[in-house]
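> Chain by chain, the residues:
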Amino acid sequence: MAGQTSANSEKPGTHRHFDMEILIGYILLVGVLLSVALLAIGFIWRWERSGNLRFQHTILGMNFFEFVLTSLRQMASHDLRPRVMVNMGIAVLMLTPFVRVLASVFYFALVQRNWKYTLFTGFVLSVLTYSLFLR
Amino acid sequence: MPFHILFLVSVLAGFVGAMSGMGGGVILIPVLTFFGMDIKNAIAVSIVSVIATSSGSASAYVRDRITNLKVGMFLEMFTIVGALAGAAVTLVSGRKFLFILFGVVLLFSWVALFRQRNEDWHSTVHQDRFSRWLELQGSYYDQSIRETIAYRGTRAYLGGPLMFGAGMIAGLLGIGAGALKVLIHDLVMRLPPKVSTTTSNLIIGVTALAGTSVYLSAGMIDPGLAAPIILGVVIGATLGTHFLVRLTNRMVRRIFLGILLILGVEMIIRGGVGV
Numbered sequence: 163m164a165g166q167t168s169a170n171s172e173k174p175g176t177h178r179h180f181d182m183e184i185l186i187g188y189i190l191l192v193g194v195l196l197s198v199a200l201l202a203i204g205f206i207w208r209w210e211r212s213g214n215l216r217f218q219h220t221i222l223g224m225n226f227f228e229f230v231l232t233s234l235r236q237m238a239s240h241d242l243r244p245r246v247m248v249n250m251g252i253a254v255l256m257l258t259p260f261v262r263v264l265a266s267v268f269y270f271a272l273v274q275r276n277w278k279y280t281l282f283t284g285f286v287l288s289v290l291t292y293s294l295f296l297r
Numbered sequence: 002m003p004f005h006i007l008f009l010v011s012v013l014a015g016f017v018g019a020m021s022g023m024g025g026g027v028i029l030i031p032v033l034t035f036f037g038m039d040i041k042n043a044i045a046v047s048i049v050s051v052i053a054t055s056s057g058s059a060s061a062y063v064r065d066r067i068t069n070l071k072v073g074m075f076l077e078m079f080t081i082v083g084a085l086a087g088a089a090v091t092l093v094s095g096r097k098f099l100f101i102l103f104g105v106v107l108l109f110s111w112v113a114l115f116r117q118r119n120e121d122w123h124s125t126v127h128q129d130r131f132s133r134w135l136e137l138q139g140s141y142y143d144q145s146i147r148e149t150i151a152y153r154g155t156r157a158y159l160g161g162p163l164m165f166g167a168g169m170i171a172g173l174l175g176i177g178a179g180a181l182k183v184l185i186h187d188l189v190m191r192l193p194p195k196v197s198t199t200t201s202n203l204i205i206g207v208t209a210l211a212g213t214s215v216y217l218s219a220g221m222i223d224p225g226l227a228a229p230i231i232l233g234v235v236i237g238a239t240l241g242t243h244f245l246v247r248l249t250n251r252m253v254r255r256i257f258l259g260i261l262l263i264l265g266v267e268m269i270i271r272g273g274v275g276v
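If you read the sequences in order, they're chains R and D.
Take 163 as the starting number for the first sequence in the numbering used here and just add one per residue.
Take 2 as the starting number for the second sequence in the numbering used here and just add one per residue.
In short, the hints are calculated from the structure, not lab data.
In this text, all values refer to a predicted model and were calculated from it rather than measured experimentally.
Any given hint could be a false lead.
[As the list claims (entries may be wrong)] Here are the in silico distance ranges between beta carbons for each label pair: (1) Leu272(R) x Phe35(D): 47 to 53 Å; (2) Leu242(R) x Arg147(D): 54 to 60 Å; (3) Leu159(D) x Tyr188(R): 31 to 37 Å; (4) Glu228(R) x Pro194(D): 40 to 46 Å; (5) Ser239(R) x Glu148(D): 55 to 61 Å; (6) Ser145(D) x Met182(R): 20 to 26 Å; (7) Ile263(D) x Ile203(R): 33 to 39 Å; (8) Phe115(D) x Glu228(R): 41 to 47 Å; (9) Met2(D) x Glu210(R): 21 to 27 Å; (10) Phe227(R) x Gln144(D): 41 to 47 Å; (11) Glu210(R) x Ser145(D): 43 to 49 Å.
Note that CB positions come from ideal geometry on N, CA and C, so glycine has one too.
Isolated chain R (complex conformation) (with noise of 0.2 Å):
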């Protein structure tokens, strides 16, 4: 029956210990709640500053570390703190599927000792990287 080219794989409910499926799906979970958390927070909080939600400012030719950096500094500014809560938002959304696949490239290399997907892992993690940096 089905069993047989089942035999190896595991069943639902019943080997639910921690593995690469649990540990990105939580990465990817917390996440996108994190951003969408920071954001709402940013609108509430702007409009309980002002009543208005539009915030205006661009971003002008920063790559993602400067964009970071430059919301951080603001902080210390006491009216653009709904601003850097923005920013903030869109920063870790970026970062959720950054950190998904830094935390592959881990698992592949120190728990599943698997040399060919720690590869290429680490090459979807370098051009990342790369393009975090592009100006």
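Given the coordinates of chain R, work out where chain D should sit on it, guided by the hints.
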């Protein structure tokens, strides 16, 4: 564009995108440009929201163990490079070209979505050596038929380069290009339908990130615009996914597919007559 309209349009785009299975960007970009936003800015803002919708749904599919992580991580190598190239092309290309290409891709995805998906899917007996070396086999538990389905992915040597093209379209137009990715998984790599869809979802997130960083460095992402759109699309997609479980009505799906057809034709016409 006033905040509340921007937000409502995004909720609607996320909702229709999730209901029709085409993703938010495909609705968002035509509607934003209709309200007067420049198509390049609409593309840049849309691709940020694609990270959110794809990561949100991928998190559930990965934990359900339907997604094939190895297939996803092998193909990602091609899509991210494609997305970087695609986004770079958008920065220098004309608006007319973008409108027409968007319409063509929308119509093509629409056909792909309408295509009769192979219901009685069979695993390929033959798996080529390269795909075996890549360990592209797997199995998942299908809850609807209460059975574990084993499968072997094949022709990775062809699927990889094709994925570069799908990634390029995603970066160029600021969409997930899920329909193209699913087509490659189905027809070329012979993955079961559920594995194709969920694995494409996982790939879309990193691909969108590669595109986003190009647009961010070009100064085209305005957080004041991106933030309400991200929030709206996520809320809309969440609502759409929940409705999808309850509403399996074919009529509803047909209406949404009809909307997409009109949007595709509209984009081509707008590109043709000049924006």
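> Need the list of violated hint numbers for this structure, in ascending order.
none
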